[in-house]
Amino acid sequence: MIALPVTAPAGVVTAEGLDAHVACFPTREQYHDLVASLRDSGFEMCADLCAVDYLTHPGRQLPDGVVPERFEVVVNLLSLSLKQRVRIRVQVGEHEPAVETLFDLYPGTEAMEREAFDLFGIIFLHHPDLTRILMPEDWEGHPLRKDYGVGRVPVQFKEAPGPR
Amino acid sequence: MTDSIRAISRDEMLVAETSEGAQELKLRSATEPDELRREVGAVLRVDGRTLDPSSIDIERRDDETMIINMGPSHPSTHGVLRLMLELDGEVVLRTKPVIGYLHTGMEKTGEELTYVQGATNVTRMDYLAPITNELSYSMAVEKLLGIEVPTRAVWIRMMMSEINRISSHLVWMATNGMDLGSTSMMIYGLRERELILAFFEKTAGLRLNLNYVRPGGVAADLPDGWQDDVLVICDTIYARTFEYDELLTGQPIFRDRMIGVAPMTAEEALALSVTGPLLRSTGVPWDLRRSMPYLAYDEVEFDVIVGKYGDNFDRFAIRLNEIRESIRIVRQCVERMPLGDYRTQDPKITPPPRARIDESMEALIHHFKLFTEGFHVPIGEVYSAVESPRGELGCYIVSDGGPKPYRIHVRAPSFVNLQAVPLLMRGGLMSDTITVISTVDPVMGEVDR
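From first to last, the protein sequence lines stand for chains E and A. Just so you know, we're using my numbering here: the first sequence kicks off at 1 and counts up by one. Just so you know, we're using my numbering here: the second sequence kicks off at 165 and counts up by one.
A few of these clues could be false.
[What the hints assert, rightly or not] Here are the simulated lysine-lysine pairs, BS3-like style, with alpha carbons at most 25 angstroms apart: (1) A:Lys272 - A:Lys533; (2) A:Lys568 - A:Lys307; (3) E:Lys83 - A:Lys472; (4) A:Lys568 - A:Lys533; (5) A:Lys512 - A:Lys533; (6) A:Lys307 - A:Lys272; (7) A:Lys568 - A:Lys512; (8) A:Lys307 - A:Lys533; (9) E:Lys83 - A:Lys307; (10) E:Lys146 - A:Lys272; (11) A:Lys568 - A:Lys272; (12) A:Lys568 - E:Lys146.
[Said to hold, decoys possible] Coverage of chain A stretches by chain E, computed from C-beta distances (three or more under 8 angstroms per stretch; other residues unrestricted): (13) 257-267; (14) 543-555.
Everything labelled a hint here was simulated from the structure, so no lab data went into it. In this text, a Cβ means the ideal position worked out from N, Cα and C, and glycines have one as well.
With the hints as extra help, turn the sequences into a complete structure.
Following this line, the structure appears as structure tokens:
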């Protein structure tokens, strides 16, 4: 087990991922503080931020003490000095899909959070400009959610369906 | 006279509404200080935090400045990038990239394709460096499967991704030259790239979207006489890099437009999660090939090219020298290419050879299962990252145990690097926006996915 360079705040569940990265499972309240403490202990860069919709895959493996929710925001932090990655997976409920933004810690998450908002409808509180980024502004729905259909190619000589 | 002209007034709109609404750059009077902070690219870390919004110049009024639109269909935006610029005369104050014009939902498509088909999907994201896309995806799938790739496949992958890096940088040299008015550089860059594309065609059968690196190995062994082809590529391009030096590096007009323009510091680059040549130009020696070696990069010799000032010229020099370093790696690959299988021999993952299907029932069944259902991948989630010509290209795959990825997310370096554009353009001249877009080198297929 690779040790984290920082002792995770009390209550944060950690586990080793499949690819030898440490994974942390903070709650939504612990999330921002955990990322802040990791940043102060050498993780200079937020390499990636994305969301996953676990609607049709509820039986995923999670360590004890983590309550599975529909959405998960996955953050990959990178430490250039330690040459180490850490993954943070925070569970986000379906009814109020909102987490704190990381913009004040890593300004580079700005576009990534907008993408997660656009495609999954997860609200990042205190984000400076939470608008859609890939889809048009008047688009309805969040395409990467599992209950959003794949769409179809309209058949020629038939009345074309709507935009989706 | 006017009475005799036949005319009719048309009230309905002829042009569909093209506004992107809230995604666009708004007037200063309609902008929150928080958003202004982001748009001026003022994401500098002061005392470890972002810049205080109150310290931004908000004394300018809307009637002093002008918001103009650039793109999405502008030849220098390298695809369909739209930039909204706020200008004070010739000086750029705020910039906002508006993207999404090439969004085709490739991550959603990836969830509908099996792991066998997935490589054809990801290869279309960064169309200038398809091998690195496939590599990142394949390495993620292999990590989930827990399989090892034969040594020859590893070296073939490494050689191909370096050749691909050369061709990608050549296109960059070509388009950058064109943006600056050096059309001969464009012709030379594309001419040299043609050598590489011909070799790709010989090896993989295709020129652009190769689908060559697949989970389990590569699609085909290298063709007969590949050493000669590769060495011709190396010799030709290595010699020509010095011609580019003569053409551009010492050229006064080129230098005037590149040196000292649009600088960035290491702190800003790290804060913005910028990777690749942009990060290295600021002096941070971060190259995943060296820092977190994958494939066999720890067995070959090469230098990580690092800049100092983080300006346009550093980014140019880094890419030019990375071509030379890639040639060095390719030469070592030619010398040390091991013998053996070019893909894993696990029949559950790689299809059987054509000849086996005729004689073996088992092979036929495996072939049928692979191309109808695909292989099942154990439950788990994995992130794999490789150094693409543009930076860290990551692939995050969640598997639910089925034959299709439950979620496939690609961390596209261009998408993230594009956030540096407002910062780089701030305070620069309008004419320098062209060079900034060019040296950031976004590939819109990857930005929008």
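Against the structure, the hints:
Straight-line distance between C-alpha atoms of lysine 272 (chain A) and lysine 533 (chain A) comes to about 24 angstroms, which keeps the hinted pair within the 25 angstroms bound. For the hint pairing lysine 568 (chain A) with lysine 307 (chain A), the CA-to-CA distance comes to about 15 angstroms; that is within 25 angstroms, so the pair holds. Note on lysine 83 (chain E) and lysine 472 (chain A): the hinted pairing holds, with a Cα-Cα distance of about 22 angstroms set against a maximum of 25 angstroms. A threshold of 25 angstroms between alpha carbons decides the hint, and for lysine 568 (chain A) with lysine 533 (chain A) the separation of about 14 angstroms falls inside it, so the pair holds.
Between lysine 512 (chain A) and lysine 533 (chain A) the alpha-carbon distance is near 9 angstroms, which keeps this suggested pair within the 25 angstroms criterion. Simply put, lysine 307 (chain A) and lysine 272 (chain A) have alpha-carbon atoms about 22 angstroms apart, close enough for the 25 angstroms limit, and the pair holds. Distance check on the hinted pair: lysine 568 (chain A) and lysine 512 (chain A) sit about 15 angstroms apart at the alpha-carbon level, within 25 angstroms; holds. Of the supplied pair hints, the one linking lysine 307 (chain A) and lysine 533 (chain A) holds, its CA atoms being roughly 22 angstroms apart against a limit of 25 angstroms.
A distance of roughly 19 angstroms separates the Cα atoms of lysine 83 (chain E) and lysine 307 (chain A); the hinted pair therefore holds under the 25 angstroms criterion. Annotation: proposed proximity of lysine 146 (chain E) to lysine 272 (chain A) holds, straight-line Cα distance about 9 angstroms (limit 25 angstroms). Pair hint lysine 568 (chain A) plus lysine 272 (chain A) holds up; C-alpha atoms about 11 angstroms apart against a cutoff of 25 angstroms. A distance of roughly 14 angstroms separates the Cα atoms of lysine 568 (chain A) and lysine 146 (chain E); the hinted pair therefore holds under the 25 angstroms criterion.
Interface restraint, the stretch 257-267 of chain A with chain E: holds (3 residues with C-beta to C-beta distance below 8 angstroms; minimum three). Counting residues of the stretch 543-555 of chain A whose CB lies closer than 8 angstroms to any CB of chain E gives 7, which reaches the minimum of 3, so the coverage claim holds.
Of the numbered hints given earlier, the model fails none.
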